[in-house]
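A.B. asks: Here is how the chains run, residue by residue.
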Amino acid sequence: MTNSTASGAMDRLLAAGADPAAHAPGPAVGYVCSYVPEEIILAAGLHPVRLGARPGPTGPADSRLQSFSCSFARALLDGLLSGRWNGLEGFVFAYTCDSLRAAFESWRISAPPGRLVHFLNLPARIEGPGVLDYAASEMRRLSEALGGVDGAHPPTPDDLAWAIGLIGAVRQNLEGLARVRRARPDLLPGSTYMAMARGAAVLDRREAATLTAAVADELTAAMGATVSPSRTPSGAPPRPGGGRPRVLVLGGYLETEEPLRLIEESGADIVSDDLCLGGRRLEFGAGDDSDPYRRLAAMYLGRTPCPTKHPPDRRFEEIRSRATTDGVDGAIFLLQKFCDPHAFDYPALRDTLAEAGVPSLVIEVELGAVSTGQARTRLEAFIETLRQTARTSRGPGHPRGAAAGARGPAASRAGRGGGRM
Amino acid sequence: MSEPVREIAQDRRLTVDRELKGLILKHYMSAFRAKSPLGRKPVAWVTSGAPVEILLALGILPVYPENYGALVASRKAALPYCEAAEQAGYSLDLCAYARTNIGTFLLGQGELGGRPLPPPDLLVAAKNICDVVVKWWEVAARHFGCPLFILDTPYAADGLNPDQVAYVKGQLEDLVVFASKAARRRVPSKEAFESKLSEVLELTRQTVSLWNGIQALRQASPTPASALDMFTNMFPIVTLRGTKTCVDYYRKVTEELSERVKQGYGAVPLEKYRLIWDNIAIWYDFDLVRYLHARGAAFVGETYTDAWGIYDFDPSDAHDPLQAMARQYSLILLNIGLGIRKERLFRMVRSQRADGVVFHSCRSCKTYSLGQYELARAVRDELGLPTLVIEADMADSRAYSAGPTATRVDAFLEILAGKA
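Top to bottom, those sequences are chains A and B.
Under the working numbering, read the first sequence as residues 1 to 421, first letter to last.
Under the working numbering, read the second sequence as residues 1 to 420, first letter to last.
Hints listed in this document are in silico derivations from the structure and should not be mistaken for laboratory results.
Backbone N, C-alpha and C fix where the C-beta goes; we use that ideal spot for every residue, glycine too.
Computed footprint of chain B on chain A; a stretch qualifies when at least three of its residues, placed anywhere within it, have a C-beta under 8 Å from a C-beta of chain B:
| # | segment |
| --- | --- |
| 1 | 94 to 102 |
| 2 | 339 to 349 |
Each computed DSBU-like pair below joins lysine-lysine, with the alpha-carbon atoms no more than 35 Å apart:
| # | chain 1 | residue 1 | chain 2 | residue 2 |
| --- | --- | --- | --- | --- |
| 3 | B | Lys342 | B | Lys169 |
| 4 | A | Lys337 | B | Lys342 |
| 5 | B | Lys26 | B | Lys262 |
| 6 | B | Lys76 | B | Lys26 |
| 7 | B | Lys76 | A | Lys337 |
| 8 | B | Lys181 | B | Lys169 |
Just need the whole structure built from these sequences, with the hints factored in.
C.D. replies: So, in structure tokens, the structure goes:
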């Protein structure tokens, strides 16, 4: 990162992401899965806080969940049982997977009295008969439950429309930042991008919208100012000899940015991702229904799908197309230990990417950490291969060599009008 | 797995077991025959919680990769297939049934005369047993390039609401059309289909009534059947539910067990302790159960075998068979909230007059296993009964260590002896 470290806005976002419990405004409701509509929590007069987990060994959760449960679910439950989130008014889980369902069951028998512990029972199917109606009914049920929380009120259609607008603005600003990351990862490294996205899922969303817009403006300006002969006309980093390979990172929810930093330290730029806190939260369905719950249901069913959603076709297609349009040289799978949905998708996704000419590497992540020594060696070897392949096979006329250039005009849209608030 | 020397009890096998072998063979032969040039019967791969009555009513033959996984594991043959799946990139932390199945179809080899399961014409998975089957069936659909139907059953954390029942029922209606088309059959009229479906459901209801009667016979002291009898005898209710063969078979089991009860003949020679088993069987180590039998411990109930006793469709839904199915298939053991699951376990402990509960913490099966620590705590604190948690896997023996498990069983038996 260069001049953007001076940005107070960025510092504030990063600090919130690093210590969510200390930055959550009140009255707040914590939620676990990116399919939980923050809009409804906001519309009820509450602050949505994405619940994370601290890396490291677990304590009280070990007597609740076996060691083969998803490590994120166990770490999350551990934080809850340790009282880290006792300041929250309520907790919303969603049907994500078998492990998180079990974490919900343990938490609902252990949560402090008087707190809402709600299970948002969204469909696993994202298309098919009755899916939209059913998803809308669950959104409405969540709204009713939140309306009863201390300090909250039942959301009106106006409240919901306002919240949809606000969350949409944060998302658009993040999308603008993603474009900066894609065009100029030297200005905005992937790990910093993700840390800001984490912060934006914690802070008061009005503040998050202002901050993300400010950072996007600042970086876009910096991008213009630093375009020099050492850069390609599009703003993409040049790739003579020592160019850093551009990689796509895939996985679930990461407890920290540590694995991303490790990839960057090993010599690659993260220019694209399919992560729970990142790329999967940017694209949403149109949702133009006049009923706000049906509108939200359509938005969430139409978003970039996660591997717990069926059918998987759109997910595979979106990843394949992202890899191509973002001009990546390789892909790195960060597989959360004991995460069944991602582990089942991995071989087919690896093959899909390989068919598109994108080689990949898989690294296992457990409790937010990778086994650093071994992972670093493998990453360095993989990235070196990417560098050599790029050097031999890619001239300036090569489609992927020029691909980042195609993002140039897009990058200039970062933080544009609609995204500010 | 190291094989410790363990003193085990001889099985007091039921005489109907001989017939069972024939049923299993016949079932798999019929699946191969269906796929032969003369067969022309469509084959569906289904999960253990799939609404098979719909497929049966459409003349489609359901086969169960999970049952096939159990069969392979009971022959202690799962490892090479699991390893083949791992070679292809499937993590060794994934469900061992899934790895076994994927390994067999990747290798084109298996344990049915060297063959894997016959390839499917259609794939039907219900999410009610886990989210794993959804992903597993997606893998199979990609491999075979055949149509896939996912029945999405919302989690019944505190029971079901009308929106959930309507959502599942709508999918079942869709399944009738999907399966007919996938099987290249004409979509039947509603009337004709529901009439056929009601016949199949009636056979299921009779099967389930007999099955629950069998479980009730085990309330006797000594129990006429222990876990091994039930693990093997569950094959028909899992794979042949909804057929007359199944009803006829369980009539015979009922007769034999009733006779045992009348004569006071127990499954275990000297029954001292009555236990409940939670979770799937450890298919490759039935000797563990025999080791308990040798020490006078008999299993009088298993949540696993009891799980099939739920399909006694609500009579108030008799006019609407698909609604009855929507409800029942959403309320199966692995799709209900932990609180309801605890009540069911407690009811079983009381009705079977159990002295303790053995939890098989099965690495492969997260839906079944996660939550067991809470259940075990409840059994100890609320019922005052001892519990044993065994860390193992239903099919992959690499996660299991027989020697230390036997030591833990000994300690558990000492606690039981102290309480007796």
